[in-house]
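Asks: Below are the chains, spelled out letter by letter.
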Amino acid sequence: MSNMLQVSLVESKARERAQILLDEGSMVELLGPFDGFESPHLEAQNIVPQSDDGMVIAKGTIAGKSTLVISIEGNFQGGGIGEVSGAKFAGALERALEDCENGHLIYPIIIYDTGGVRLQEANYGLLSIAEISSAIVAIKKHVPVIGIIPGKIGSFGGMSLTAGLCSALIMTREGRLGMNGPEVVEQEAGVRELNSKNKQFIWKMIGGTGRFESALIDKVVEDDLPNYIEAIESIWSENKYAERTQQYTEFLSMLDELSVKEKIEPTEAQSYLKHRAKYMGTKENKQSNQQESRGRSWFNKLTDNAPSISPTPSVLVADKEQDGRKVRYIAVVPNEESKFYRARNGEFGLEEAWTVAKYVREAIEEDAKMDEKRVIVPIVDVPGQAFGYHEELFGIYLACAASVEAYAVARQNGHPLVTLIVGKAISGAFLSHGMQSNRILSFDDEAIQVHVMSKKSAALVTMRTVEELDEFAKTVPSMAYDIQSFQSLGAIHELLQDIDADQPSDEQVNRVKSSIEAATTDILQSKDDSLRVRLTSEKAVEKGRKASIAVRDAIKSQWK
Amino acid sequence: MEKLVYKFPASKPIQSKTHIGVVGSGDLEILMEPIEGNEAIVEIRTGIKGYADTWERVIERFMAQQQILASIKINDFGATPGVVSIRLAQAAEVSTHV
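Those protein sequences? They're chains Z and W, same order as listed. Position 539 of the first sequence, counting from 1, maps to 539 under my numbering, and the rest follow consecutively. Count along the second sequence starting at 1, add 1000, and that's the number in my numbering.
Incorrect hints may have been included.
Said to hold, decoys possible - One-sided and incomplete, this derived list gives chain Z residues near chain W with beta-carbon spacing under 8 Å:
1) Val10
2) Phe34
3) Gln50
4) Arg325
What the hints assert, rightly or not - Where chain Z lies over chain W, by a calculated footprint (3+ residues, C-beta under 8 Å):
5) 1005-1018
6) 1054-1063
Simulated from the structure, these hints should not be mistaken for lab results. Remember, predicted model here, so these are calculated numbers, not experimental data. Note that beta-carbon positions come from the ideal geometry of N, C-alpha and C, so glycine has one too.
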């Protein structure tokens, strides 16, 4: 038996990958091709749907152990996550979590091959990824979650955040892991920032080997079935995981050491990352010019101008007593002096993400023994994550995963989280800062936008014109950028009317405070620390999340 | 996107539900299900408009050879007639063998 043919995961389709990994004859697929769950949003945009929406959910065993395999089909719409595929992913994990809570352990394995959010369904992808993230964080308390990135696409966009949340990651040399795909970085930042056509360089930057050399993943394997199984069993046999999302001290001190005036070479970056544990310095508070922004102005109003305790000038953090409750306000604001030149306009960059993670984690630790956990209010005015070469090189996907996880853990530990959208709430930045909250409040304001990618980049990726995208957005609310369209999906708890977001009166500020307080009371009364409310709201049930709900019901009835 | 529907008299029932392929560039997905009666139904959704004649010829030839009685759904992402024929033959083979 020594000359057996190579069994490749890279060359296989999503369903075959699940079949290959699972013990022979053990695979049972849920919501398969004949169950009729395809995307309800694609035909309207002249795109042919796929019968399984590009997501394969399978139960079975590996080496006799009860396993849930979630396998993404990269050949269909670039593995993009839409409403149905996202609900299949999140819904399956939610079932697995329930099993684990009832003492029936089932081990999730996620096979990534995805560009992230499916741009034709846009905000559905965003909502799904928030729900997937929340489920991964919750289930990790019971069983390790293993992610496999075989290639050919890799794992990008919002899905790279969920990869960052996995207990352990296995890649091949062909796999790539990054937040913003090279083409999008080039589109947003220019070819001098990153030449996406230089494939060899791209793989050095974000390929499996480089990620392994940077101690960002756990295993890099040759693409042959026995190697994957060996890696999985080895990970299962350990009971300690790297917990990279908790390494905010190491990452922040390491980032402090960097000079990005010249481009740092991938090999040099790997050396920094590999030895990040030696950077443990604490940072001085670097006060800089305070640029006006909605985020800053609302932070000041809501905290009565409290000084920020964060040394990172672009992240404002303060605690404030509000009607007898402690509230931690967190805002991300522009800092034109930031050395990370792609993150000077309020973008969510490496420093911002790790700093947010730190101050949410610290609140959790400080309140660990308290009966009453402090409220956390992310103030959202973020034009997106930072698109840049160094950001990808130093793993912005992991930094964002760290803040996602910090917020999710806070919520799951009983901290009421109330998001206040005052400006832009875009893409990975919104996922990392705001989307994990129990309740989301927003001003009803024209300047507010919720979306996943700039129109120019979205046009590039979907091979359409900006005008065509605008036209589709009129009939597909998840593709629109305005807050009313986002509200129609059912995730907004309250849309605050008649607030002057730029020059609010005292009465308006007080109304906002009361709404935060009312949302907090609502959270405490519901005794629910999940994101389920987004699927049970009136708007979600009536129209906004119909498919998401139907998929979950079907998984429930097929889950045995 | 274009939707095409064809019906053909058919006599050979298939044994099992069969699914092959993906809606990926230059490829297509085929779903075959057993059906009652004496007429096969072929429903096609294709991203490329204006090739109804070509589709008809490819499907006609396939049905003339195979005669399979089934509901056949095709989701196409620009597969060439050659790829379509191979995929159809592949699906027919899987669905008629237990």
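Asks: Flag every earlier hint the structure violates by its number, smallest first.
Replies: Violated hints (numbers, rising): 1, 4, 5 and 6; every other hint is consistent with the structure.
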